[in-house]
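S.K.: Top to bottom, those sequences are chains A, B, C and D.
Residue 1 is where the first sequence starts when you use this note's numbering, and the numbers rise one by one after that.
Residue 1 is where the second sequence starts when you use this note's numbering, and the numbers rise one by one after that.
Residue 1 is where the third sequence starts when you use this note's numbering, and the numbers rise one by one after that.
Residue 1 is where the fourth sequence starts when you use this note's numbering, and the numbers rise one by one after that.
These are computed hints drawn from the structure, not numbers from a lab.
Given the structure is predicted, the values throughout are model-derived calculations rather than measurements.
Check the hints yourself; a few may be wrong.
As the list claims (entries may be wrong) - Here are the simulated SDA-like cross-link-like pairs (lysine to any residue), alpha carbons at most 25 Å apart as the crow flies:
#, chain 1, residue 1, chain 2, residue 2
1, A, K266, B, K267
2, A, K5, C, P71
3, D, K217, C, L200
4, D, K215, C, L271
5, D, K250, D, T73
If you want the building blocks of each chain, they are given just below.
Number of protein chains: 4
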Amino acid sequence: MQRFKLAARNEKSKNTVVAIPASGQTLYIGEGYCTVIAGPCAVESRDSFVKTALLLKEMGAHILRGGLFKPRTSPYSFKGLGREGLAIMAEARELTGLPLVSEIMDVRDLDYMYEQVDILQVGSRNMQNFTLLEELGRLEKPVLLKRGLSATIEEWLLAAEYILSNGNPRVILCERGIRTFEILTRNTVDIGAVPLLKQLSHLPIIVDPSHATGKWKMVIPVAKAAIAAGADGVMVEVHPDPDQALSDGKQSLTPQNFRILYEQIKKIADLDGKILV
Amino acid sequence: MQRFKLAARNEKSKNTVVAIPASGQTLYIGEGYCTVIAGPCAVESRDSFVKTALLLKEMGAHILRGGLFKPRTSPYSFKGLGREGLAIMAEARELTGLPLVSEIMDVRDLDYMYEQVDILQVGSRNMQNFTLLEELGRLEKPVLLKRGLSATIEEWLLAAEYILSNGNPRVILCERGIRTFEILTRNTVDIGAVPLLKQLSHLPIIVDPSHATGKWKMVIPVAKAAIAAGADGVMVEVHPDPDQALSDGKQSLTPQNFRILYEQIKKIADLDGKILV
Amino acid sequence: MQRFKLAARNEKSKNTVVAIPASGQTLYIGEGYCTVIAGPCAVESRDSFVKTALLLKEMGAHILRGGLFKPRTSPYSFKGLGREGLAIMAEARELTGLPLVSEIMDVRDLDYMYEQVDILQVGSRNMQNFTLLEELGRLEKPVLLKRGLSATIEEWLLAAEYILSNGNPRVILCERGIRTFEILTRNTVDIGAVPLLKQLSHLPIIVDPSHATGKWKMVIPVAKAAIAAGADGVMVEVHPDPDQALSDGKQSLTPQNFRILYEQIKKIADLDGKILV
Amino acid sequence: MQRFKLAARNEKSKNTVVAIPASGQTLYIGEGYCTVIAGPCAVESRDSFVKTALLLKEMGAHILRGGLFKPRTSPYSFKGLGREGLAIMAEARELTGLPLVSEIMDVRDLDYMYEQVDILQVGSRNMQNFTLLEELGRLEKPVLLKRGLSATIEEWLLAAEYILSNGNPRVILCERGIRTFEILTRNTVDIGAVPLLKQLSHLPIIVDPSHATGKWKMVIPVAKAAIAAGADGVMVEVHPDPDQALSDGKQSLTPQNFRILYEQIKKIADLDGKILV
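Chain A with its partners taken away, still in its complex shape (with noise of 0.2 Å):
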């Protein structure tokens, strides 16, 4: 029996496809839309960040991603620029038209977060970080909801439901692979959560290739499988000079290769009749 209610595709007639106002024109993300985001793991510096979100703008990518606050595993390592990368995110959104995705921490960043990034996004290691679920459920923005390192389906859909139940339903879920005992890879990508969550659920769901597999040659076909299967966009790191890259290089598309991935996933979603664009 399903503890989820209003996750649950029983709940609803029809799937949830979640607007993201953005200048000029309003993005849709789910039924109907192949949805690509794209950006560096952290945002570096203005120059970095603003010339790779011209350069995406100009290849096709529909939201800009970028890290303020990195959520790192070692106190010592790199933890993004914070409030002030805020100012640079806001200046390629000002210069690309691009709807900003950022992580959300701690609910005290909220309130100078709100008004410039346009989707909200929660990170694996916050899954269950239900005091800040709850305070999102009581905005009126949208929610990417990354599903927990070793959370379950049904985890994952309870964690939404924290959201819905607050009483915003912009939720989009994000798979970004599991914990397994593989050690070759970075994690496991869930594929079958795919269609699964298609099944169960409403809501939107997109897959994070490059986190999921932390091997940059391996982003491509497994983007390509998350369309195949279903899924209603991809999220992936970009990164102009993946080498240089303060955190999570190896696992970043350079520009020209984020190129063959659209090009490729254009061509499954063309299958299924999907909008990219």
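For chain A, the structure is supplied; the task is to place chains B, C and D on it using the hints.
M.R.: Positioned in the frame of chain A, the structure of chains B, C and D alone reads:
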């Protein structure tokens, strides 16, 4: 440092393509081909198996699967028809011209299985049954090596190495899901294993979405994902009446759904110029 | 190469012993001591909690546990009495002289919890809630850091490092079971973590057999195993009437069984000359 | 609902105690006894094995272990002396009077192993090698059934059921660690399996802390934990010179450390009134 040698990509200049002698023509599994293996989990009766075989042949399947000895977790479950079932499989092969793949569990069954079965399958539970692998390494028969339920990629390639190093280069890998904490699906398909194996090894890799998911509704999306990720084919369970199957009915496709699967993966294979007859 | 520094054994000449100021005397957790923390999963009512506290005091428990904010997987489950429950805990502390441990989930609760709670617990789901860890690192209060459900030993010690590197050396680790494929038990106790942590770190380590197993019949044997393996104590759930518990009743000991547990682990602690009052 | 029948607690009125015929006296494994099985991972040479056997006998070990056929992950690793090693083991048994336990991997080895080996061991990789289990079920010889690397408790008991239902009640279970995401240890000892099996089944259960941890420094604490949790014994690897061992040296105890282990677990066994000679 890799401990597998003959299975490693650097050992050979090109990808292994395994030839499967079939009546009238030779089939190939590997680069450039998309192979569809189908059939019921277990051979249950002459009429049911022959009927299914004829249907599958008509719908485009390339190879016929059928279990003679089912490795059942409980000693009280249906264990297959054994040697008697082999005569049924042989008849179906005669009628359809489709080559046969069936699991071997005991080296003592080799003598009579060798003649009739075109591809000898090593099941997950026997992936590290090294005496069996060594025997198969001394044959000139293709071997379909399923990944163990909790085998790492390296352990899997080392199991292949047992066959290769004994003289038999005709190894086909088969991803069939790994064991994780997720309980809504039978296993978790490691879709990333497909591109990773393509980087590490020259051996062909196919995916079994039926055992991997345990739910027939997930079989088509996961099969599509497998081909999109670069797999050389799929192996699926098809039963004329899944509700009446003596084993694994819940994960078996009806012939009608098999037709849909075939058409859909063909479109994806076509994008990469792969031959699916 | 280890990424944790302050948590590493080589950084300090001796094992950390955390002092817990208690009314009348100071308690210690760490080398040479065997500490027993007990109490109900959640504070449910004044009468029930005070009654249990008095019983536990009489039977030898050293520290009283009780949940105010229960991080429940489903938003529809009982979530604890919150701030109201704290007054009940404070009364029980007054009556028994036992120090209190309770979970903190939100940094905004710190101001009023700080005075009344003697050990602030970080739950599994928040083990990588880095903003919470950083705040706790700035306090002069002992922190009980539970292992995340799928956290590696290294990740766990790096989480401790977040607290230590912010200035608070009073960290007590708590193994509470990890997530595996096994489904008959709630989690799998990683008993090997105890001796491994003793080699890698100077921090005290206790074991929570209640959450780890989810079955009260397993609590006593696993608690004995923990002490035999070298743990510095155990934390167990005790409820006057487990069948009526609002959460986790199946894993709660009756007071009678707590007495048996206490006697049995005392015998094992005695073998190693550990003080269990 | 349990699928195992003969292995289930409700099927028999009392716990199974397996008799091991030894020269001069009969040994017992099960309730009331604490059995210590020790020896090197593999039989490497006559001198080394006999010397170790004499030392172990003098230090109190009850049963001598030694591998003839080592199931090695890589085909290029040392695989054991095979049949030649059996003569060495038989000589050690003659000299010490200790019964022998050794792994059987291939039913075709049964004829000559049957006479000399007192307990036939089924290794983790073969826990679901059902044809092997069925053969062993037809013998009148004790079988030590190791848990598969990712076998659930239910699957393990069903594997035992294959032996029991074929007529052999002499099954001893052996927990040897399961595969999890943790990478600092070779496997994760499922200590909770001990009390859980005592509730579910009447079969004796021993623990192998050497394979389970992969680190000799963890062997003594985990062995103590096993006995404290209610295990009927332990099986440990001992090598006269672990640094020179051809396999698994890192997890082998020196004879001196074996003596410490023996003394320490004796104290814990004494608390429960168990006989350790």
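S.K.: If you draw a straight line from the CA of D:K250 to the CA of D:T73, is it 25 Å or shorter?
M.R.: holds (17 Å)
S.K.: Taking 25 Å as the top limit, are the C-alpha atoms of A:K266 and B:K267 close enough?
M.R.: Holds, at about 14 Å.
S.K.: What's the verdict on A:K5 and C:P71, does the C-alpha distance respect the 25 Å limit or exceed it?
M.R.: holds (19 Å)
S.K.: Measure nothing beyond the straight line between the CA atoms of D:K217 and C:L200; if it is 25 Å or shorter, mark the hint as holding.
M.R.: holds (12 Å)
S.K.: Within a Cα-Cα threshold of 25 Å, do D:K215 and C:L271 meet the stated pairing?
M.R.: holds (24 Å)
When the structure is compared with the earlier hints, no violation turns up for any of them.
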